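S.K.: Residue strings, one per chain:
Number of protein chains: 2
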Amino acid sequence: MAIVVQKFGGTSVADAEKIRRAARRVIERKQAGYQVVVVASARGQQTDELVRDALELNPNPPQREMDQLLSTGEQQTVSLFAMALEAMGYKAISFTGGQIRMMTDGVYSKAQIKSIDADFVRRELNQDQVVIVAGFQGIDEFGNITTLGRGGSDTSAVALAAALKAEECEIFTDVDGVYTTDPRLFPNAVMLDEISYDEMLEMASLGAGVMHIRSVAFGKRYNVKIRVRNSGNDNPGTVITHEVPQMEGVLVSGATIQKDMAKISLIGVPNVPGMAAQVFTRLAEAKVVVNDIIQTEISPEKANIAFLVGTSDLPTARQVADDLQKELHCENVFVRDDIALVSVIGVGMRSHYGVAEKTFGALAKAKVNIDSITTSEIRISCAVGKDEVERALEAVCLAFELDKPARQRKPV
Amino acid sequence: MAIVVQKFGGTSVADAEKIRRAARRVIERKQAGYQVVVVASARGQQTDELVRDALELNPNPPQREMDQLLSTGEQQTVSLFAMALEAMGYKAISFTGGQIRMMTDGVYSKAQIKSIDADFVRRELNQDQVVIVAGFQGIDEFGNITTLGRGGSDTSAVALAAALKAEECEIFTDVDGVYTTDPRLFPNAVMLDEISYDEMLEMASLGAGVMHIRSVAFGKRYNVKIRVRNSGNDNPGTVITHEVPQMEGVLVSGATIQKDMAKISLIGVPNVPGMAAQVFTRLAEAKVVVNDIIQTEISPEKANIAFLVGTSDLPTARQVADDLQKELHCENVFVRDDIALVSVIGVGMRSHYGVAEKTFGALAKAKVNIDSITTSEIRISCAVGKDEVERALEAVCLAFELDKPARQRKPV
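Sequences listed follow chains L and Y, in order. Read left to right, the first sequence gives residues 1 to 412 (this note's numbering). Read left to right, the second sequence gives residues 1 to 412 (this note's numbering).
The set of hints was computed from the structure by calculation and includes no laboratory data. There's no promise every hint is true.
Chain copies aren't distinguished; within one or between two, either way the pair holds.
Here are the simulated DSS-like pairs of lysine-lysine, each with C-alpha atoms no more than 30 angstroms apart in a straight line [what the hints assert, rightly or not]:
hint	residue 1	residue 2
1	91	287
2	91	110
3	287	225
4	287	302
5	225	110
6	165	114
Keep in mind that this is a model prediction, so the values were computed, not measured.
Work out the full structure: start from the sequences and follow the hints.
M.R.: Encoded structure:
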């Protein structure tokens, strides 16, 4: 019998009525002949409330105890979810991460899943039970409760779908699916019927908040068909899947922006091997997350190294840069703290030319000045002034026809 | 190193300030050289809130899911408690019932403890950790979470004290200790320095709400010294322990009342062997809890059988009695629904005469009419009209000098 995994986020189970609505989703699948595994998050603001309770007692709470505390939110949801299904006439049984032996490493607050007791879950499914699993949590080899970090319930769901070889992993959320870009910024954005894992990874890492990057990477690795859809309507949503040939016909699948960025430039760094490694090791040691790196040679002896960081990391990054300036005898350090990134993403870039030109042309036409450019195989990002980023996004969206479904766009 | 177990009820950990206050209790013991195990209940009204959430989704929630849900309340408290201790400079680690392998049978909502992994707890104590254990919960052999029912955290604490051979099990609550009687009813009641398990069991079963009967029975069985004390002050509280010779010098240790009782009398039951068994088997099948039984022979052929039940059980009990009347051809069924019980309790009764006479004399002097009388080896209970029970309690308290510490009373 085919298995489907359905994941419901905190807003989709925030109160009794929403839990019942989610339970009806399960019943639809049961009636269609599926075995159903549900993964649920903590209700609404429960996790935030627990964090507040913890900080009231300890401004720097031990991570183990934090995981022990936060895991209760999901445990509450799954037992309530099972009760709701029972009341609606369906057999249901809830489990914590530990109970299905969702084994993780011992890195509290951002543990990685190592294995799942899929046979245990299958036995329950074969008893006609809907199996409801607490997302976001596992246990380490000593029985300590661990949590998987931000977006962890998505990862739990995708991991379960992989372990059970589920036909599909449905991620229910409060948006209809994945859009070409954020509809709040570009109201004519259209929903994508499907998107490749790689494109979704670029979108996620650039701040499209629909799914956490780790769960998408997991899905890619284990080939899990993921469907992002709205828990409040019947829209089929967006399928995240392996790249299929027709995706290549689409030049750009989506565009994103990332605000609150800063750029630090080390000017006149000695142009010797290992210099970049030294700079970025120091930044990593200071726990600064570096987004993009731009290195340019300015003479045989000197180079400029620039990098983008979130503004929250700027004070630390600046300190590291100032230290490095002295140690490396750089000429100068420049900081620009009003940067934002606009990016276009599409697997079609791999086989088509002209995306960069079209992007730069659109920005030029919109009179947006480009500070710097970075690219990956399926992405082009331009750093622009933060006041210009919305205009920049609109310009690239119109240039790549992101207000139209892919099949209605002009052929590449 | 000596071990002490400290149990904090819901009101003693209701908010951050109270958790810190409880943590200071732990630190006092640590500083005095003890290894400390803490058992904590859910914070304040948390359990009631979870029950309400459950009933909103399912008026008759499956017990397994209910236990899965309710166990989160204690889990939250223990992790927060550990965080508080860490913030105060002490090493602390929290565990769920399952994590210390508090094994129970599989009877959800009123599971019985079968074993505890005391070695596991000892290893943590020997790492200089304060071990904080979620009360009220365990797991069955399949890893399902179970709860121990009302007063379950007391039982968890006493069981841990037994398994660890702790010097003492302190039960912190919101009263100073065990009183000769309820001070709200008899303001001159005095606190007892010590009380025997058997007396406490009689007190508990008659409604003195300080400790749950099961935890006292557990303490008696495994010889755990239990100290009931106030989490808000330094009063040494009441020690519950094995009977010591000097206890016998005290005629009556305490007095209790039980309101909301009813008496059903089957008049003219055939006086043949097995009749009482038949009556009480039928009541048990109907899940009626019978408090006291009074049987009297009225002729060689006929007897009267009367019994006391709580008024909540009266409709069911009455139905059973009516059915029995027809089947057994009894002459009549009488029901009195305005009964209350006043009881005096003391191990001293075993070796002294005159307690009954003194009790009846006191009630007669106070012009309280006695409906019926039942006794155990260390208890005398009189059923009286519910409007007279407070007056009856005062009369017996004064007669047995329960407004004075035992050593100041007139010698027996």
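S.K.: With reference to the structure, classify each hint as holding or not holding.
M.R.: Consistency of the hints with the structure:
1. For the identical chains of this complex, residue 91 and residue 287 are inter-copy neighbours only, at 27 angstroms across copies versus 47 angstroms inside a copy, given an alpha-carbon limit of 30 angstroms.
2. Within a single copy, residue 91 and residue 110 get their C-alpha atoms only as close as 33 angstroms, which misses the 30 angstroms cut-off; across copies the closest is 23 angstroms, which meets it.
3. Taking identical chains as interchangeable, the C-alpha atoms of residue 287 and residue 225 are never at most 30 angstroms apart, the minima being 34 angstroms within one chain and 52 angstroms between chains.
4. For a Cα distance limit of 30 angstroms, the shortest separation of residue 287 from residue 302 inside one copy, 27 angstroms, qualifies, whereas the shortest one across copies, 90 angstroms, does not.
5. Taking the shortest Cα distances, residue 225 and residue 110 sit within 30 angstroms of each other inside one copy (24 angstroms), while across copies they are farther apart (43 angstroms).
6. Taking CA atoms no more than 30 angstroms apart as the test, residue 165 paired with residue 114 passes inside one copy only; the shortest distance there is 16 angstroms, against 39 angstroms between copies.
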